[in-house]
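A.B. asks: Here full-length UniProt numbering is used: the first residue of the sequence shown is 1, the next is one more, and so on.
In case anyone wonders, no lab produced these hints; they're calculated from the structure.
Hints are not guaranteed to be accurate.
Taking lysine-lysine and the BS3-like style, the derived pairs with C-alpha atoms no more than 25 Å apart in a straight line are [unchecked claim]:
(1) K138 <-> K98
(2) K285 <-> K3
(3) K285 <-> K196
(4) K98 <-> K3
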Amino acid sequence: MIKLLAHLSYVAITTPDVDASVEFYTTHVGLTEVAREDGRVYLRCWGDYYSYSVVVVPGDEPALETMAWRTSSPEALDEAARRLEAAGVEIEWFDGYKIGRALRFVGPWGHPMTLHWDVERHQAPGHVASIYPDRPEKRSKVAGAPRQLDHVTIATSDVDGFAAWYNEVLGFRIMARTVLDEAPLSVFSVLTTNEKSHDLGVVLDGSSRAGRVNHYAFWVDTYEELLIAADTLMEHDIPIEYGPSIHGIGEQTFLYYREPSTMRIELNTGGYRNYVPDWTPNTWKPSQGSSNFYRNGAMPMSMTESFPPADGPSATEEGVPEEIRAALINPYTQHG
């Protein structure tokens with residue numbers, strides 16, 4: 001079977017105050033603004049090989065406008081289109097900003113996705129060109145600035161169903177899942193298009209609102225850089241929501257915080273690489289430390305919030321029914 005997808009290439013998020021979000025990303029996260037077009041602001045990490053990896057888009061509330069994957073070839077893009085149409089999904093072809101011919105669609109649980117092959121690679125101007133020939137730009141001067149975009153974690157009403165559909169239709173590998181100790185309820189899963197533990201996470205959503213996102217994540221090279229980022233955030237009065245600690249699933253060290261729109265950002269580092277083509281995903285229990293492997297602190301209740309905010313009479317304010325939330329916020333629960 002042809003390998004369809006290579007890696008996550010960018011995320012586009014909406015915010016009510018574009019300027020405030022962009023200022024935060026450039027000043028406190030360490031991203032670089034590369035372009036503005038039609039109200040959209042394009043940003044990149046210092047280690048991103050392409051023109052951009054984050055797009056900030058005007059919107060009424062924080063949300064995921066799209067998550068984009070680069071395919072493994074032009075032929076893979078066309079094959080992905082055929083598979084999506086065969087699965088009954090409506091696709092739309094368009095010319096994307098510095099990505100050329102691309103397709104977009106909305107998946108069965110309401111999440112918008114973009115696929116593309118063509119890219120414009122980043123060409124650093126002379127004053128920021130790196131002495132490392134393979135490095136697209138000099139390292140950022142912002143303490144703890146991420147090298148590159150890492151993954152996105154969405155929220156859905158059916159974790160296993162979502163994982164199975166994206167595995168069968170687009171070839172994502174399912175790497176692991178978490179089922180509650182208290183009940184046979186799947187609350188988390190990780191999928192990947194490459195050797196990382198995941199570039200797509202899936203967390204349970206009890207709300208009536210489809211297509212929500214829980215967070216997206218950047219990568220820093222070392223544990224020490226993540227600690228420096230945490231220290232720098234605290235020094236500038238930016239609260240840390242969760243971490244630093246280590247996930248059992250994936251084995252990454254993590255740190256969560258929020259940007260001005262309230263959208264959650266993760267920094268992570270470490271973790272394993274898995275090259276096994278016929279990997280059998282393990283099922284974790286929260287008591288095994290799937291979120292905090294040290295098992296020495298509770299995940300804050302705020303981590304159950306996804307974006308946009310939940311609505312509907314069956315949902316709590318955070319979008320997760322009370323009986324599920326009670327299990328989710330115990331000290332050993334995965335939220336990767």
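A.B. asks: Now tell me if each hint is right for this structure.
C.D. replies: Results of checking the hints against the structure:
Simply put, K138 and K98 have alpha-carbon atoms about 22 Å apart, close enough for the 25 Å limit, and the pair holds. At most 25 Å may separate the alpha-carbon atoms for a hinted pair to count; K285 and K3 exceed this at roughly 31 Å. Between the alpha carbons of K285 and K196 the distance comes to roughly 21 Å, so the proposed pair stays at or under 25 Å and holds. With a C-alpha separation of about 23 Å, the suggested pairing of K98 with K3 holds against the 25 Å cut-off.
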